[in-house]
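Build out the structure end to end from the sequences listed, making use of the hints.
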Amino acid sequence: MSAPLLPPVPYHASALRPSWPELPAALRAAVADRLGAPVVTARVAGAGFTRGFAAVLGTADGGRAFVKAAPAAEQPHLVDWYAREAAILDRLPADLPAPRPRWTLAAAGWFVLCTDAVDGHTPRLPWVPAELDATLAGYAQVAAALADPPAELTALGLPRLADLARSDILWWEEVAAGREPTPPLPARFQGRLPELVELESLLPRYAAGATGLIHGDLRVDNVLIGPDGRAWFCDWTWVCSGPAWFDLAGLLLTAYASGLDADRLFATHPAAAGAPPDALDATLAALAGYHLTGAAAAPPTASPHLPAHQRWSGEQSLDWLARRQGWR
1 MSAPLLPPVP YHASALRPSW PELPAALRAA VADRLGAPVV TARVAGAGFT RGFAAVLGTA
61 DGGRAFVKAA PAAEQPHLVD WYAREAAILD RLPADLPAPR PRWTLAAAGW FVLCTDAVDG
121 HTPRLPWVPA ELDATLAGYA QVAAALADPP AELTALGLPR LADLARSDIL WWEEVAAGRE
181 PTPPLPARFQ GRLPELVELE SLLPRYAAGA TGLIHGDLRV DNVLIGPDGR AWFCDWTWVC
241 SGPAWFDLAG LLLTAYASGL DADRLFATHP AAAGAPPDAL DATLAALAGY HLTGAAAAPP
301 TASPHLPAHQ RWSGEQSLDW LARRQGWR
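Under the UniProt record's numbering, the sequence shown has 30 at position 30, and the numbering climbs by one with no breaks.
Because the hints were derived from the structure by calculation, they are not lab data. Note that beta-carbon positions come from the ideal geometry of N, C-alpha and C, so glycine has one too. Since no wrong hints were added, every one of them can be taken at face value.
Label pairs and their calculated CB-CB ranges:
(1) 274 / 151: 18 to 26 Å
(2) 60 / 205: 54 to 62 Å
(3) 103 / 230: 19 to 27 Å
(4) 184 / 326: 16 to 24 Å
(5) 74 / 103: 20 to 28 Å
(6) 36 / 277: 49 to 57 Å
(7) 32 / 209: 43 to 51 Å
(8) 32 / 198: 50 to 58 Å
(9) 32 / 178: 47 to 55 Å
(10) 324 / 109: 46 to 54 Å
Below is the structure:
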């Protein structure tokens, strides 16, 4: 084990969101009408990297629900994301540890997604062993269920990670071709660009043969630990066809940064069964390029903490890869 290295902004406080009173009065009235009672409490979600509204709402009759909302004019991409997530949640296997959808609503120029409220907290960093064990066990259940996904889910025409990797994740190739600026790199990574290009180029090839579905955005801030210690998985917008070990590698970045034996955790997890020997290296190279180049181009509609998160995540990906490759 090595000394933990915590992210610059805690994951439970990475979002910048409007409060309930800041929403348009007509929108608040429409949401309360669908909930069936006036809203009396609103606990805004601190995790995440968007500026969309997200909160657990409590109503006068004792009800509770989780509500996301975004304005169509100012944040059309969020409206698309929330609508896509609603369709996915409605088709996930019912026994998965994921919030169940209730309804969607368009009102006052906003789109709203309502799901069951999940009691819980973002996993603590450095990882608490019991919370990490619960999260890894929960993801094993998710990976097993999505290895043979229901037909109604695949009928949505979800993207393939292999295609996304070719168009969106081969960042080191873009850097080498001069189409992306070279991110600031520590001295030990100077001259490693050809190796980074070669490693990330393996990801589309390895992902092409996957037939199951994956979460696609599995990070610590998309996990909640419930009062009973069970892990719940949230934010299902980016489900795609791909190998479960890709999700696992992204999740374990924070385990590596926590000073844990992330290599062992990856190798012994059911999601990594049958993975190519260098699948983890290919994923780490791709994630490093994705995060480090993205840190310089965060959209203004994102949380202001996104660039710091991406730099930190990219640095952890590179450091883990360097340790595995023996780069000094």
